[in-house]
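S.K.: With chain A's structure known, arrange chain B on it following the hints.
Top line first, the protein sequences correspond to chains A and B. All residue numbers in the first sequence are consecutive under the working numbering, ending with 541. All residue numbers in the second sequence are consecutive under the working numbering, ending with 306.
The set of hints was computed from the structure by calculation and includes no laboratory data. We put the CB at the ideal spot given by N, CA and C, even for glycine. Certain hints may be false.
To be verified - So, partial list: chain A residues that the calculated Cβ filter (under 7 Å) puts toward chain B: (1) Glu91; (2) Ala137; (3) Tyr138; (4) Ala259; (5) Gly453.
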Amino acid sequence: MGASLVKALVNIFNKFIAFVFCLYLLTACTQIKPSFEKDTLRINIGSEPPSLDWHVAVDSTSFDVVSNLMTGLTQYRPDLSCAPACAKNWEVLDKGKRYIFHLREDIFWSDGKRLTAHDFCYGWLRMLNPNTAAQYAYFLYDIENAFEFNTGKIKDESLVGVKALDDNTLEVKLKKPAAYFINLTAICPSYPMRKDIIEKWQDKWTDVEHMVVNGPFLLSRWEHEYKIELSANPNYFEGKPKLKKIKMFMIPEQATAFALYENNQLDFIDNRSFATPDVYRYKSSPEYLNVPLLRNNYIGFNVLKMPFADARIRQAISMAIDRSIFPLILRRNELPTSSWIPPSLSGYSKNSGFVYDVNKAKSLLAQAGYPSGKNFPKVSLLFPTREDTKLVMEAIQDQLKRNLNINIELVNQEWKVYLATLRRDAPPMFRSSWGADYPDPETFMNLFTSYSGNNDTSWKNTQYDKLIERAEAEQNSKLRAVLYARADRLLCHDQAVIAPTYLSTQNAMVKPWVHGIALNALDLQFFKTVTIDNEFKSGDK
Amino acid sequence: MFWLIIKRIFSALIVLWIVATITFVLVRIVPGGPFDADKNLPPQIIANLKAKYHLDKSVSEQYVLYLARLAKGDLGVSYKYVNRSVNDILKDAFPVSCQLGLLGLVFAIVFGIALGTIAAVNRGSTLDTLAMIKVTLGISLPSFVIGALLIFVFGIQFKILPVGLWESPYHMILPALTLAASPAAYLARLTRSSILEIIQKDWVRTARCKGLSFWQTIIKHVLRNALVPIVTVLGPLTAILITGSFVVEFIYAIPGMGRFFITAVTNRDYDLIIGTTLVFGLILIIANTIVDIVYVMLNPKMQIEG
Numbered sequence: 001m002g003a004s005l006v007k008a009l010v011n012i013f014n015k016f017i018a019f020v021f022c023l024y025l026l027t028a029c030t031q032i033k034p035s036f037e038k039d040t041l042r043i044n045i046g047s048e049p050p051s052l053d054w055h056v057a058v059d060s061t062s063f064d065v066v067s068n069l070m071t072g073l074t075q076y077r078p079d080l081s082c083a084p085a086c087a088k089n090w091e092v093l094d095k096g097k098r099y100i101f102h103l104r105e106d107i108f109w110s111d112g113k114r115l116t117a118h119d120f121c122y123g124w125l126r127m128l129n130p131n132t133a134a135q136y137a138y139f140l141y142d143i144e145n146a147f148e149f150n151t152g153k154i155k156d157e158s159l160v161g162v163k164a165l166d167d168n169t170l171e172v173k174l175k176k177p178a179a180y181f182i183n184l185t186a187i188c189p190s191y192p193m194r195k196d197i198i199e200k201w202q203d204k205w206t207d208v209e210h211m212v213v214n215g216p217f218l219l220s221r222w223e224h225e226y227k228i229e230l231s232a233n234p235n236y237f238e239g240k241p242k243l244k245k246i247k248m249f250m251i252p253e254q255a256t257a258f259a260l261y262e263n264n265q266l267d268f269i270d271n272r273s274f275a276t277p278d279v280y281r282y283k284s285s286p287e288y289l290n291v292p293l294l295r296n297n298y299i300g301f302n303v304l305k306m307p308f309a310d311a312r313i314r315q316a317i318s319m320a321i322d323r324s325i326f327p328l329i330l331r332r333n334e335l336p337t338s339s340w341i342p343p344s345l346s347g348y349s350k351n352s353g354f355v356y357d358v359n360k361a362k363s364l365l366a367q368a369g370y371p372s373g374k375n376f377p378k379v380s381l382l383f384p385t386r387e388d389t390k391l392v393m394e395a396i397q398d399q400l401k402r403n404l405n406i407n408i409e410l411v412n413q414e415w416k417v418y419l420a421t422l423r424r425d426a427p428p429m430f431r432s433s434w435g436a437d438y439p440d441p442e443t444f445m446n447l448f449t450s451y452s453g454n455n456d457t458s459w460k461n462t463q464y465d466k467l468i469e470r471a472e473a474e475q476n477s478k479l480r481a482v483l484y485a486r487a488d489r490l491l492c493h494d495q496a497v498i499a500p501t502y503l504s505t506q507n508a509m510v511k512p513w514v515h516g517i518a519l520n521a522l523d524l525q526f527f528k529t530v531t532i533d534n535e536f537k538s539g540d541k
Numbered sequence: 001m002f003w004l005i006i007k008r009i010f011s012a013l014i015v016l017w018i019v020a021t022i023t024f025v026l027v028r029i030v031p032g033g034p035f036d037a038d039k040n041l042p043p044q045i046i047a048n049l050k051a052k053y054h055l056d057k058s059v060s061e062q063y064v065l066y067l068a069r070l071a072k073g074d075l076g077v078s079y080k081y082v083n084r085s086v087n088d089i090l091k092d093a094f095p096v097s098c099q100l101g102l103l104g105l106v107f108a109i110v111f112g113i114a115l116g117t118i119a120a121v122n123r124g125s126t127l128d129t130l131a132m133i134k135v136t137l138g139i140s141l142p143s144f145v146i147g148a149l150l151i152f153v154f155g156i157q158f159k160i161l162p163v164g165l166w167e168s169p170y171h172m173i174l175p176a177l178t179l180a181a182s183p184a185a186y187l188a189r190l191t192r193s194s195i196l197e198i199i200q201k202d203w204v205r206t207a208r209c210k211g212l213s214f215w216q217t218i219i220k221h222v223l224r225n226a227l228v229p230i231v232t233v234l235g236p237l238t239a240i241l242i243t244g245s246f247v248v249e250f251i252y253a254i255p256g257m258g259r260f261f262i263t264a265v266t267n268r269d270y271d272l273i274i275g276t277t278l279v280f281g282l283i284l285i286i287a288n289t290i291v292d293i294v295y296v297m298l299n300p301k302m303q304i305e306g
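With the rest of the complex left out, here is chain A (with noise of 0.2 Å):
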């Protein structure tokens, strides 16, 4: 009897099975050959962009999409430098305090509207408006009054320096001199916007039915949580671009994005979609990129706390890491480095940080007290809980153990909870990075600045704030560069007072049928001049 049953139910599964079966075979036909869309370029951005209010917007991947939608007075150059967008040319005035930009006349919003200079003065005002609670509202501090109106204690945003002198010209005072200015009118802060469409849609403005741009890509999809589609804006100044649609699928594990890569569902994919062991598996693969990110990773010394008011004690842990074993570790090609600023940008020095060498760290050590690290106290090096950072963490615990006889202790922290201590009492070392905003090295240096809120080492030299003060307003680039790279040795090498590590990288996967994707130092992802080789793609080549 209970065979009989068995073979009911063994039937009944038999008939699942087959049923199942079938269902794959229909899936095959599909998966088999996944439907094929000319032009479109179909990439992972990791997660849901935050916001695309791009005066809300802090973090990279909405970045990566509002880059694709909009275009600044300036633009990028492959290589960094700024080059005229929205506005044609721009004078210098007044010992670099007062900026006249020239707007193009033939720039349009995707609705048809011109662009005018008054919708760049009403962008800036609107991210300065206290209301709108902006986080990178502190980028236009070095306009005239930008603090004190965001801040509230000005009201009259006509006191502001941003002015709209005609429809094409727009003119911006500075409190000082900031040679770096030039930089933020190419970042997405800096981007203008319309102000009839905030007070018609409000809070859903960027929604795909009132979104409005003026770059080369227009929003026509956002399934939240899942998929952006960017199509071509036909009304682009510099041209429709050459790709119809840009999919941005947001998938957040690295081995589902690198397997749809592999089965060709991604046409390009980077960091987010790139786990260790599949960088090095496709390091020597023509598909593969790769690119030192101006992020730049470091351990700090509080120096209030002991024995790291000692700056010999800080030289000599400095000196006594060999920083080439991070790319041995970290496998995707990291950069070594122990000075602030990266080689890729002025002011960067050889001269700046340390090289290896144990001998004299150990004589450091002892002069400071501790000969053969005797005596010298366990101290504690907060890093937040991340299985990469876990494992440089370990090796410098090593390289100190071997090196110079000391004990370090790791306490590992998740994010939030990490940051908060870190801003609350920094522990003796921590580690920590920095990314830069735009290419230039003041957004490195003005962190160790005894005024900067970001400076988690208490450190505060009067002489290292003097050489940012100067080299921020020095208008000869050579002379500037001398200046940082002076504040960059007394930084990392006299001070010593932190010590950098390495440089982060980008690695990224191209499928060969996608021409024109360039990687850059400061991780922004531009597509308008990338072309798809649809025969290709599609197999027929």
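M.R.: Relative to the frame of chain A, chain B by itself:
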């Protein structure tokens, strides 16, 4: 039945209020705030942000404001996804999780009960051992391992099913199977032990003596009674499955609400954390109420005690 529903609605409101209050307090105790980022913002900008989201007010004022909004069905706004309300976020994500969860539930019930029955009626045989090995694997293998295996076999090796994304019904098969693996194993074990217990009852023998075939006895009498403990676990199971799974949605890139249970916390997105918790609580209450009703349908002798 009417009074049962009224009582349940009343107790549900109290439970949800307690859940909202506890979560409201807990999220504010956790170190780190919604606007902490690697780039520390100037204090003036933090002040602007806090003013925008009323976080500059005292915790008690925030609580009153939150409850007032909640009473109107407004779950608040996300601090991470600027200009999106929690209602909007959950409205987009919940149907996706629900769709996937229901399919997973169907797979879990079909496979679980079939496997459990086969094992029970063949107790001690090779079939039973095989079924129980499968059950142990289903329970002990975490879903990210099962998901990765399924993707590797069906998506990469044979290329017969999509490895991820949420485009068509075919895209649902692998995630639903991954989601169903563990509950199916659990249900199978439960079905097996439940059938083994019931199959020895006198009335089963009576049914057989009446001339019913073994097959009819199992389906009509044994399984129906064996389902009672299974239905008990189906309530919470349904709530868990239809509110989304972080792991399954993560590995298959599915835009459901499971991911918010984790990301809302890591982002300290206060209103979204409370919103997801409340939705989960509400679904759990509804599922349990339905289970109570199904109990009576399975066994009219049972009386509902509100």
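S.K.: Looking back at the hints listed earlier, which ones does the structure fail to meet?
M.R.: Hint 1 is the one this structure does not satisfy, whereas the remaining hints hold.
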